[in-house]
Every structure is written in C-alpha cells, then in structure tokens.
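K.L.:
Order-wise, the sequence lines are chains A and B.
If you count the first sequence from 1, position 148 lands on 148 in the numbering used here, and the numbers rise without skipping.
If you count the second sequence from 1, position 107 lands on 107 in the numbering used here, and the numbers rise without skipping.
Some hints here could point you the wrong way.
What the hints assert, rightly or not - Covered stretches of chain A, as calculated for chain B (at least 3 residues, CB under 8 Å):
1) 91 to 100
2) 173 to 184
To be verified - Calculated lysine to aspartate or glutamate pairs in the DMTMM-like style (CA-CA distance at most 25 Å, straight line):
3) A:K130 <-> B:E19
4) A:K164 <-> A:E17
5) B:K28 <-> A:E17
It is worth saying that the hints were derived from the structure and are not from the lab.
Small disclaimer: the values here were computed from a predicted structure and weren't measured.
Beta carbons are placed, not taken as given, at the ideal position from N, Cα and C, and that holds for glycine.
The lines below spell out each chain.
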Amino acid sequence: DALANFLARLQQLQSLEADFTQVTRDNAGRTLQQLNGTLTVAKPGKMRWQTAAPYEQLVVSDGELVWIYDMDLEQVTIRNMDLRVQETPALLLSGDSAQVGQNFTVAESLQGDFSRYQLTPKDRSQLFEKLEFQYQQQQLESMRIYDAAGQITEIVFARIKTNKPTDHQAFIFDVPEGVDVIDGRHEL
Amino acid sequence: CAALLPQGGKEGQLTRLNELHNWQVRGKLSVVTPDDSVTGYLTWQQQQDQYDLFIAGPFGSGSSRLQGNRQQAELSLPGWPQPQQARSPEQLMLTHLGWNFPVSDIRYWVKGQPSPNGRVTSQYSDQGLLTQLQQHGWEIRYSRYQQRGGYWLPGLIRISGYDFRFTFAIQEWTLND
C-alpha cells in the first residue's frame with residue numbers, strides 16, 4: 001500500500017546530498033520567496049540544510065537536537081528533534097521511518113516514471129496541511145509543502161548523490177561568537 | 001573618508017533622528033515569549049503619530065495588523081471577522097497575542113533613539129551612534145548601523161525585558177520626510 005511503498009523508499013535512503021531551489025507561492029500563484037541552498041541528510045536523523053543569501057539560514061540536526069541558525073537575526077534556536085517537523089520537513093528523510101505511519105496518512109499517485117507520496121499529518125495543529133515527496137524512478141526529485149494559509153513551497157533537488165559517505169562534521173554545530181541562543185528544548 | 005562617518009556626534013545624530021516622522025521599516029522579527037518562540041516578517045509604517053504594523057507569520061500562517069494613533073488602536077488577526085479596538089496598542093497585543101510589546105516606545109527605539117519620556121541610561125559609540133539603552137524596564141542593543149538616505153540607522157535591534165525578547169533584523173528603510 002502507499003505507506004509501505006513510501007517507507008520502502010525511505011529505508012533505501014541511507015544518505016543524500018543535493019542542491020535545491022525553493023519557491024514559495026501564495027494561493028494565487030504569486031511568488032513570495034525564492035531561495036536556493038544545499039541539503040545533506042544521513043541516518044539516523046542527521047541533516048544539514050543551508051540556504052544562501054538573502055535568506056541565509058542553517059539548520060543542523062545530529063539526530064538528537066536541531067539547531068536553527070538565522071544569520072539575519074544572529075540567533076540560534078535549539079529544539080528537540082521529533083517528527084513534529086514544523087520548520088524543516090526534510091528532516092523526515094533521515095528520521096525514524098517507523099514513526100511516519102503514526103504521524104501521517106500516506107496516499108500514492110503514479111504517473112509515468114514519477115511516483116508522488118502525499119502525507120497528511122494526523123495532528124491537525126501542525127503548521128502545514130500536507131507534504132508531498134515526488135520521485136522519478138528511484139530518485140527523490142522534489143518536495144512540496146502546503147501550509148494552512150494556502151501557500152505552497154516547492155523544493156526541487158539537483159545534483160543528487162545518494163548513499164555516499166558523508167562528512168559527519170557536517171552534522172555538528174557550534175554556536176558562533178555573539179549569537180543569541182534560544183533554548184527551545186522541552187524539559188526532559 | 002569622513003563623509004562615510006556620522007557627523008556631529010551624539011547630539012548631531014539625535015537631532016537628525018528627531019527630524020524623521022514619516023518612515024517605513026521592513027524586516028524579519030523574532031519573538032521569544034515565556035513559553036514559545038516564533039519568527040515572522042514585520043513591516044512598520046509611521047506617519048507622525050499614525051502607525052501601521054503588518055506582521056506575517058512563519059510559513060505564511062496568516063498575518064496580523066495593528067494600526068492606530070495616540071487616541072485609538074485597532075488589531076486584526078487571521079480569521080477574525082472584524083478588528084478589535086482599544087485605547088492602547090500595548091493593551092491589544094497583550095490581550096490578544098499575549099505579547100508584552102511596547103509599541104509606543106519601539107517607534108523611537110527602532111530608529112536608534114530613546115523614547116522621549118521616562119528615565120534612560122544609554123551608551124553611545126564614539127561616532128555618536130546608540131549602542132545600548134535601558135528604558136521602561138527594557139534593555140535594547142543595537143548593531144549593524146548603515147547609512148540610508150543620509151541617516152545612520154540600525155540594522156539589528158535586540159529588545160529584552162519582562163521575559164520577552166524581540167529581535168528585529170531590518171532589511172529595508174524607506175524615509176518619506
């Protein structure tokens with residue numbers, strides 16, 4: 001079924017490195033924000049998501065914690081990593097795929113060599129209404145995030161390298177000098 | 001060369017800032033409250049005593065608008081059929097957003113000058129630019145000053161107090177005086 005097929009794809013993915021372009025459009029199709037960046041993902045739960053100026057942001061996850069470094073604001077927010085992937089749905093790619101079934105209902109649609117997986121969160125309070133992962137044959141090709149206000153963020157990947165060894169330094173974050181830290185971890 | 005540095009020191013800077021009554025500022029706003037933190041985009045338009053704030057949430061989760069003047073304030077939030085009124089903007093923000101947000105002071109702080117009334121302690125750079133300010137129980141830190149339209153204006157403003165932290169990274173100033 002759709003969930004099993006999507007999980008099979010997630011389980012095949014040990015690591016991924018790609019460039020991406022991200023475009024956010026409002027419900028009338030007007031472009032609100034356009035940016036590009038690089039994504040590195042590795043199991044379990046590791047990720048590095050870096051966007052270029054003028055919207056410079058770096059998100060690093062070591063599988064336990066997520067650091068969201070906003071260079072404009074000179075601010076780092078630390079959160080626990082859990083599937084409430086509010087700000088960065090890409091975390092789902094390296095997260096514990098077993099939790100996908102608990103947190104989302106999954107639908108699959110096939111068109112030629114494209115297969116698209118639509119994830120609707122079971123917890124309605126999430127910031128986004130649904131997520132889409134689109135594969136071209138075995139390769140992840142793009143993602144779409146549909147948010148509550150009808151805005152659609154499309155992320156298209158390029159120069160994708162899957163299951164290659166990744167530099168684990170990429171998933172370590174040390175807080176730069178003079179930057180404010182917001183500790184958003186929930187007390188354990 | 002000298003023209004790139006502010007002229008007239010602290011007094012020169014403050015007198016010039018007092019000339020600015022019609023402006024707009026746009027940028028990214030981070031709000032840390034006692035129980036959450038959120039980042040959005042803020043556009044603030046000021047014409048004499050008339051203010052108009054437009055705050056767009058993260059991932060486009062709707063936008064809020066706060067407008068008014070010395071006599072009256074009005075707030076509209078996503079999903080409200082019509083706006084709410086009150087005497088002060090601070091009252092509206094506290095009641096409906098749970099933010100202790102000193103709108104009437106930030107109108108001055110955002111330019112890099114103390115608000116006109118109340119006790120102030122402040123530090124200035126040797127070029128006369130405000131770097132730190134304590135007023136009405138808040139602490140404000142300034143950085144990334146840039147020359148825009150003949151004025152030296154801050155690029156990053158950090159306001160903290162009463163368990164709240166507002167950080168405003170300014171992307172654009174528009175001066176209409």
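K.L.:
For every hint, state whether the structure bears it out.
P.N.:
Hint check results:
Counting residues of the stretch 91 to 100 of chain A whose CB lies closer than 8 Å to any CB of chain B gives 0, so the stated coverage by that chain is violated, three being the minimum. Only when three residues or more bring their CB closer than 8 Å to a CB of chain B does the claim for the stretch 173 to 184 of chain A stand; here the count is 3, and the claim holds. Distance check on the hinted pair: K130 of chain A and E19 of chain B sit about 49 Å apart at the alpha-carbon level, beyond 25 Å; violated. The straight-line distance between the Cα atoms of K164 of chain A and E17 of chain A is roughly 8 Å, inside the 25 Å bound, and the hint therefore holds.
Between K28 of chain B and E17 of chain A the alpha-carbon distance is near 29 Å, which puts this suggested pair outside the 25 Å criterion.
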